[in-house]
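Here the protein sequences come in this chain order: A and B. Those letters in the first sequence? Residues 1 to 460, per UniProt numbering, in order. Those letters in the second sequence? Residues 1 to 460, per UniProt numbering, in order.
Derived by calculation from the structure, the hints in this document are not laboratory data. Just to be clear, a hint being listed does not mean it is correct.
Given that identical chains are not distinguished, each listed pair holds provided it fits within a single copy or across any two copies.
Claimed, not checked - No farther apart than 25 angstroms at their CA atoms in a straight line, the calculated lysine-lysine pairs in the BS3-like style are these:
id, residue 1, residue 2
1, Lys-46, Lys-246
2, Lys-429, Lys-81
3, Lys-449, Lys-84
4, Lys-62, Lys-158
5, Lys-84, Lys-446
6, Lys-84, Lys-169
7, Lys-177, Lys-46
8, Lys-46, Lys-165
9, Lys-14, Lys-445
10, Lys-169, Lys-75
11, Lys-81, Lys-46
Note that the structure is a prediction, hence the values are computed from the model and not measured.
Number of protein chains: 2
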Amino acid sequence: MSQESTSAAADIAKAAKAAFEASQLIDSSEKVKALREIRKELEADKDAILEANRADLEAAQKEVDAGRMSSSLLKRLDLNKGDKWDSMLQGITDVANLPDPNGIVSYASELDDGLELYRVSCPIGVLLVIFEARPEVVVNIASLAIKSGNAAILKGGKESNETTKLLSKAIQTALSKTQISSNYIQAIQTRAEVSAILQLDQYIDLVIPRGSNSLVRNIQNNTRIPVMGHADGLCSVYIDASADAKKAVRVAVDSKVDYPAACNAAETLILHESVLPTIWPDVAKALLAADVKLLCDPPSLAVLRALSPAPPSLSTHVEPSTPESYTTEHLSLTLSVLTVPSLSAAISHINAHSSHHTDCIVTEDEAASSTFCRGVDSAGTFVNASTRFADGFRYGFGTEVGISTGRIHARGPVGLDGLVTYKYMLRSKGEQGHVVGEFGTGEGKKQYKHRRIDASAVPF
Amino acid sequence: MSQESTSAAADIAKAAKAAFEASQLIDSSEKVKALREIRKELEADKDAILEANRADLEAAQKEVDAGRMSSSLLKRLDLNKGDKWDSMLQGITDVANLPDPNGIVSYASELDDGLELYRVSCPIGVLLVIFEARPEVVVNIASLAIKSGNAAILKGGKESNETTKLLSKAIQTALSKTQISSNYIQAIQTRAEVSAILQLDQYIDLVIPRGSNSLVRNIQNNTRIPVMGHADGLCSVYIDASADAKKAVRVAVDSKVDYPAACNAAETLILHESVLPTIWPDVAKALLAADVKLLCDPPSLAVLRALSPAPPSLSTHVEPSTPESYTTEHLSLTLSVLTVPSLSAAISHINAHSSHHTDCIVTEDEAASSTFCRGVDSAGTFVNASTRFADGFRYGFGTEVGISTGRIHARGPVGLDGLVTYKYMLRSKGEQGHVVGEFGTGEGKKQYKHRRIDASAVPF
Chain A
1 MSQESTSAAA
11 DIAKAAKAAF
21 EASQLIDSSE
31 KVKALREIRK
41 ELEADKDAIL
51 EANRADLEAA
61 QKEVDAGRMS
71 SSLLKRLDLN
81 KGDKWDSMLQ
91 GITDVANLPD
101 PNGIVSYASE
111 LDDGLELYRV
121 SCPIGVLLVI
131 FEARPEVVVN
141 IASLAIKSGN
151 AAILKGGKES
161 NETTKLLSKA
171 IQTALSKTQI
181 SSNYIQAIQT
191 RAEVSAILQL
201 DQYIDLVIPR
211 GSNSLVRNIQ
221 NNTRIPVMGH
231 ADGLCSVYID
241 ASADAKKAVR
251 VAVDSKVDYP
261 AACNAAETLI
271 LHESVLPTIW
281 PDVAKALLAA
291 DVKLLCDPPS
301 LAVLRALSPA
311 PPSLSTHVEP
321 STPESYTTEH
331 LSLTLSVLTV
341 PSLSAAISHI
351 NAHSSHHTDC
361 IVTEDEAASS
371 TFCRGVDSAG
381 TFVNASTRFA
391 DGFRYGFGTE
401 VGISTGRIHA
411 RGPVGLDGLV
421 TYKYMLRSKG
431 EQGHVVGEFG
441 TGEGKKQYKH
451 RRIDASAVPF
Chain B
1 MSQESTSAAA
11 DIAKAAKAAF
21 EASQLIDSSE
31 KVKALREIRK
41 ELEADKDAIL
51 EANRADLEAA
61 QKEVDAGRMS
71 SSLLKRLDLN
81 KGDKWDSMLQ
91 GITDVANLPD
101 PNGIVSYASE
111 LDDGLELYRV
121 SCPIGVLLVI
131 FEARPEVVVN
141 IASLAIKSGN
151 AAILKGGKES
161 NETTKLLSKA
171 IQTALSKTQI
181 SSNYIQAIQT
191 RAEVSAILQL
201 DQYIDLVIPR
211 GSNSLVRNIQ
221 NNTRIPVMGH
231 ADGLCSVYID
241 ASADAKKAVR
251 VAVDSKVDYP
261 AACNAAETLI
271 LHESVLPTIW
281 PDVAKALLAA
291 DVKLLCDPPS
301 LAVLRALSPA
311 PPSLSTHVEP
321 STPESYTTEH
331 LSLTLSVLTV
341 PSLSAAISHI
351 NAHSSHHTDC
361 IVTEDEAASS
371 TFCRGVDSAG
381 TFVNASTRFA
391 DGFRYGFGTE
401 VGISTGRIHA
411 RGPVGLDGLV
421 TYKYMLRSKG
431 EQGHVVGEFG
441 TGEGKKQYKH
451 RRIDASAVPF
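Model the full structure from these sequences, guided by the hints.
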């Protein structure tokens, strides 16, 4: 990597840390004001931003024509498609209206008379967020970062460089009208800058990569900074012995078909062997009717091949599975099907093969629900509900940074709560202050009292 | 690294993950039983364990005699010193009696009629804990891991290998009398095994290194697994313009002198320039009387040199500071002293130089308290209280894994709460289950309701 990009990256990272530290004493209302200013600035710059977006689209079209880019990626670039522009602006207002996640006390205790301890939520610091093509993510993440009190450095896909440049410029112009430094949100354009910033753990507190498993692993391999990965979703639906047939059909179809390219779509259907002759044929017919291709293990395949009349797409849409079928995130209308002899076999299969994202049981049995939800080691364990519900908006967080596939700090859909940490504030109101040397087991020593304090905010 | 240690490490890691998964459905009472069995087993094996400990001590004594080990390290090895053995056993009972940190609901919402979402605490998975000499840490960490529902692989200092082998054996024997797998707690002995296990992110969920900054950084550089570092403490005490003189003396002395080798001892004293002629002489005299060596900046040095009569140890215990003084964790009776013109200069210095562990302000001014506690970006921000209070036992957590100097997941003293994560459980009680396709903005589509549910535990 060049000396130049290393030095430029260090300047960006230092400026972000300085902007973060300077923001610690700024009032919550100023963050709301900043978000309003950003919306105004974007509205004022709309024509120029959409023109830059057209330039990105034209360049991308050439890549698609040359076979070097998928047309689905091209579609994601378009900021003027449908209500995307308006939704992006509305998202800023929605985030502004959410409660401030900072300053909330989660533990408070009087350690001694007049010695009060508060565990209180506070921002993490400087975030480095790396994401793919969709340019509106710049605005989404900037809104979440500002609201949660974190500075952010953003790196979007290179396909949207022209658009993200103008979006970032608008955000910085808006910030310059507030008490928050315009360096609070910075955009970078190159991989060399990312590589350089990944080395700067003295300035960057958390890396959030949104993309493939290989992107996340590559970043984890190249930094000491904590990584909150948003990677693949290999989700499954298990149809239990006690499943209701109608629920099984509805949940299996919705989990697979509602949006197959999403990380919370189901990739594997697991069948208790007792439902093979009863529920499986109806589920299979419904999936085939929705154009789903089924990769079946021998027992589930045998049932379909024995159906009379045969489903119309049996020859085109039903195939034997391979061991790889059960570790593949299809992201399309393909579903792997596996038969198991028991609930515990289903749980073991999921724990060994799923990506610990979201897994669902269809059952009428309360004990099976409980066992599945506790035994499956995933961020989401669902009963009779589509895996597609795993989403920050649906969970009620207003919006989300993404869906964390890590287990540390924040798991599953990450909203504002996932972008804060906590600190401990300790205050002595004692006449002589408080010192540790006075406590202990010897004669005349004080004992800790540890009386819970009922407080939702720090009283000083 | 040899093929052999890589393969042995993989077996250990796999066995730990299997033990963790098998434990998911085991009742909380069984964990308490396991802790009681461990205490019994240790009591039964006391003679053999102390004999192994004597062997470690004899080997260590030779290292000390040869000048290859410090005598303070030797002292930490001794399991039979004072009430250490009894404290270790009592610690097991104390942890057993703490509330289970799992199964606690922190967010519950009805997304739609009959569609209930619960965010519930659950174990992280498999922990790899790397620590230094003190052999009783094996028992402390094993107790915390079992109580919090995490499997653990432990690597102690090589100086205590004989002792930790027998401690681990006793723990495994005790576990074999319960439903919990004896592989739940495993000990490893070599650095080669650590290196191999650091590559196994499919089995290990969190690494907890307790030691120096360089140990923590070295591990961060060599693994994709999240690291919760317990590294240096460069803590400071700031004496504000409005400080009470008596509190300043007490807090400064206790923070430095109570236990200078601890990570929560103060290393830097920061003086508002207005207290140089008023409070500083008394603080300096008290520190010098406690045998503290002062590394002073020019203004604080000038005041001490002008004192009449001169403090007796002025010539031996007072020296000019260097820039390095303010980035050094002395871990001894040495304290760096700096003068600043303002509260905000103190905050800037701390944010730039401290290790974000624990920092204290001595002040009578409520606004200064508030500014300091919010502006200083450390895990602990204290008012008129010694930095030495930063400790899991003192905070009321019963015990601690250590004091995290990271900002992600758990910060400051880490108790049982820091060893759990959460998962989302979603249950449909609807007659047809719940699917995402029914929700949206079109005609006949349902809207999310997001009604808060008042629940402290999952009702199924």
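Going through the hints against the structure:
no.: 1; hint: Lys-46 <-> Lys-246; in the structure: neither (48 angstroms within a copy, 62 angstroms between copies)
no.: 2; hint: Lys-429 <-> Lys-81; in the structure: neither (59 angstroms within a copy, 37 angstroms between copies)
no.: 3; hint: Lys-449 <-> Lys-84; in the structure: between (56 angstroms within a copy, 24 angstroms between copies)
no.: 4; hint: Lys-62 <-> Lys-158; in the structure: within (14 angstroms within a copy, 62 angstroms between copies)
no.: 5; hint: Lys-84 <-> Lys-446; in the structure: between (63 angstroms within a copy, 21 angstroms between copies)
no.: 6; hint: Lys-84 <-> Lys-169; in the structure: within (19 angstroms within a copy, 61 angstroms between copies)
no.: 7; hint: Lys-177 <-> Lys-46; in the structure: within (19 angstroms within a copy, 69 angstroms between copies)
no.: 8; hint: Lys-46 <-> Lys-165; in the structure: within (13 angstroms within a copy, 68 angstroms between copies)
no.: 9; hint: Lys-14 <-> Lys-445; in the structure: neither (47 angstroms within a copy, 48 angstroms between copies)
no.: 10; hint: Lys-169 <-> Lys-75; in the structure: within (24 angstroms within a copy, 60 angstroms between copies)
no.: 11; hint: Lys-81 <-> Lys-46; in the structure: within (14 angstroms within a copy, 73 angstroms between copies)
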